[in-house]
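Asks: Start from the sequences, fold in the hints, and give me the full structure.
These protein sequences, in sequence, are chains C and F. Each step along the first sequence adds one to the number in my numbering, with nothing skipped, and position 66 is 66. Numbers in my numbering are just positions in the second sequence, counted from 1, shifted up by 1000.
Hints listed in this document are in silico derivations from the structure and should not be mistaken for laboratory results. Note that CB positions come from ideal geometry on N, CA and C, so glycine has one too. Heads up, some of the hints might be wrong.
Computed list of lysine-lysine pairs in BS3-like fashion (alpha-carbon distance at most 30 angstroms, straight line) [claimed, not checked]:
hint: 1; chain 1: C; residue 1: Lys388; chain 2: F; residue 2: Lys1016
hint: 2; chain 1: F; residue 1: Lys1153; chain 2: C; residue 2: Lys8
hint: 3; chain 1: C; residue 1: Lys18; chain 2: F; residue 2: Lys1132
hint: 4; chain 1: C; residue 1: Lys64; chain 2: C; residue 2: Lys178
hint: 5; chain 1: F; residue 1: Lys1107; chain 2: C; residue 2: Lys12
Coverage of chain F stretches by chain C, computed from C-beta distances (three or more under 8 angstroms per stretch; other residues unrestricted) [said to hold, decoys possible]:
hint: 6; segment: 1051 to 1057
hint: 7; segment: 1069 to 1075
hint: 8; segment: 1084 to 1090
hint: 9; segment: 1095 to 1101
Residue-level listing of the chains:
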Amino acid sequence: MRVTAIVKKVLKELFRDKRTLAMIFLAPILVLWLMNVMFASNSSTSAKLAVVDVPHQVNKNLDKVDHVSIKKYTDRTQAKKKLKQNKIDGVIYYHHNKYYVDYANTDSSQTALTKQALKVAITGQSITKMKTALTQSQKQLVKLSKQLAIVAQKNGMQVPTKPGTQKKTKPKKAKKAKIINKYHYGNSDTGFFNKIVPILIAFFIFLFVFLISGMALLKERTTGTLDRLLATPVKRSEIIYGYMISYGIIAVIQSIIIIVVTIWLLNIEVAGNVMWVILISILVAMVALAFGFLLSTIAESEFQMMQFIPLVAVPQIFFSGIIPLDSMANWVSYLGKILPLTYAGDALNQVILYGRGFESFAGDMLALLIFIVVLVALNIVGLKRYRKV
Amino acid sequence: MNNFIEIHNLVKKYGKQTILNNVDLTLKKGEIIGLIGPSGAGKTTTIKTALGMEKADSGSALVLGKQMPNRKILGEIGYMAQSDALYTSLTGAENLEFFCEMKGVAKKDIAEQIEYVSEVVDLTDALDKYVKEYSGGMMRRLSLAIALLSYPKLLVLDEPTVGIDPALRRKIWHELNNLRSQGCSVLITTHVMDEAEKTDRVALLLHGEIIAFDHPQVLEQNYGVPTIEDVFLKAEQKEG
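Replies: Shown next, in the form of structure tokens:
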């Protein structure tokens, strides 16, 4: 009964605090949207190049390469000046069968693009040259055979000349092999953002729930109401359960909003069942909740609680799988093992990217459950600081 | 069980600092005792140890015949802390209802309880207002009202009348006397010396020790002064 009374009280307080409520629900949407805008624009690199004395065919080929635009200059020094002024991203100069390239190199992907484009253009040029040579020799061959026929006729010999031979020898574009792309996950636009989305979902749910829960018990303590509460026969566990349930309701709503925003608004494909995504997210939220409560009993003030946020959040980002840990030192991967987000990220990866079923992430879910049970137990014991029974 | 509070040889230390040094205190059934002393003397620590919020380093505290800390016995104690400790985004009535539920008051009795305590502290008209709109005095009264919920056998009040105007203070004392006549006991800490005169016995707490504990009149005679305030000052001089 006391648990429901606490739940009722906490929810009443929360729903009357309109600004906090708006923050809880709108902040994650805004952040995720910004994140998507950022990663989406980053996916295409373009380069503006200046060309000096470059053969015509290479120029034409360069211009054909996607995201590369060229401008012709007659003077190399003038082109270099432009490079210094940041107007162009590279200068290509052709002299004595050598290409001299100056890169701005302020963006490594632009440099890579330029190198790639030049390579393609030069290869294209030599192929064209070969083609032309081939066509010419074919023409000569035709001519030769005609002359041969004339000579033969004169001599009364029969030379089999099929009609239409000339047509066939016409230079014909080699038929390109067509590549048909099929994506196991997503489509041709699937970028880096899509890959980190599962971990980002877990991270944002963790972060936002952690933020609100850390403040909750702290407020109860600094205003003295916790002491007053503990001066009644309420059990310590009843307080923690009450808070877990009430903030859990908020956290579940928040998690669902984050998932809905990510999946539908940002157009992220979920290969597996969305219900699993929601269920895993709820577990993450509960871990964050219990963790926030625990730290709020350790923190002396709101200010100290703020200090805990980067301390808790940053390792989770680094070691939970956004950056592949396989190549790192052993202790790093062990560190990842004690962070709840590692399991959450892995489970969400299995569902969102690979579309696997429950058996592939049951272990992860169990790990999260263990986190919740242990943290809740620690919280109940931790309240002993404020009342001895 | 005639003694509602029995504290024996209570010692409480924070690190090297001794807050309470062999404190003995008894509160009989139907008695109001005052605990006075300068700030930092250990009044709040005495109360918190008696309620089981702090653990004593040695000595014992029996409340209503039970060794503290004891969770269940808390339901029979009305506690009012120095800070108001209210949920400011709830209304007065909601605060009272919440603490009724925490104290385990039966659902059907809650309305009647709220009516009774708000009557005592004169807050009946302000019950539906949010606590953040209350004045300081109103918050203090609501805090006292919460302590009075569920007809506690024992009231522990930490400076209850700070910021309460004289008329209401008189009313509250009238109510405390009323409760006493019904067999309820009150432990009260106060800075207001004329309130100490109204108690049955006064304990003078100085540097974590009870240096005097008797009827106000007896103390005044012993120290040869007319008021408790003089007793207080004289005792402090002697110790200092």
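Asks: Look at each hint and say if it fits the structure.
Replies: Do the hints match the structure? See the list:
no.	hint	verdict
1	C:Lys388 to F:Lys1016	holds, 21 angstroms
2	F:Lys1153 to C:Lys8	holds, 28 angstroms
3	C:Lys18 to F:Lys1132	holds, 15 angstroms
4	C:Lys64 to C:Lys178	holds, 19 angstroms
5	F:Lys1107 to C:Lys12	holds, 19 angstroms
6	1051 to 1057	holds (count 5)
7	1069 to 1075	holds (count 7)
8	1084 to 1090	holds (count 7)
9	1095 to 1101	holds (count 3)
In this structure, every one of the numbered hints holds.
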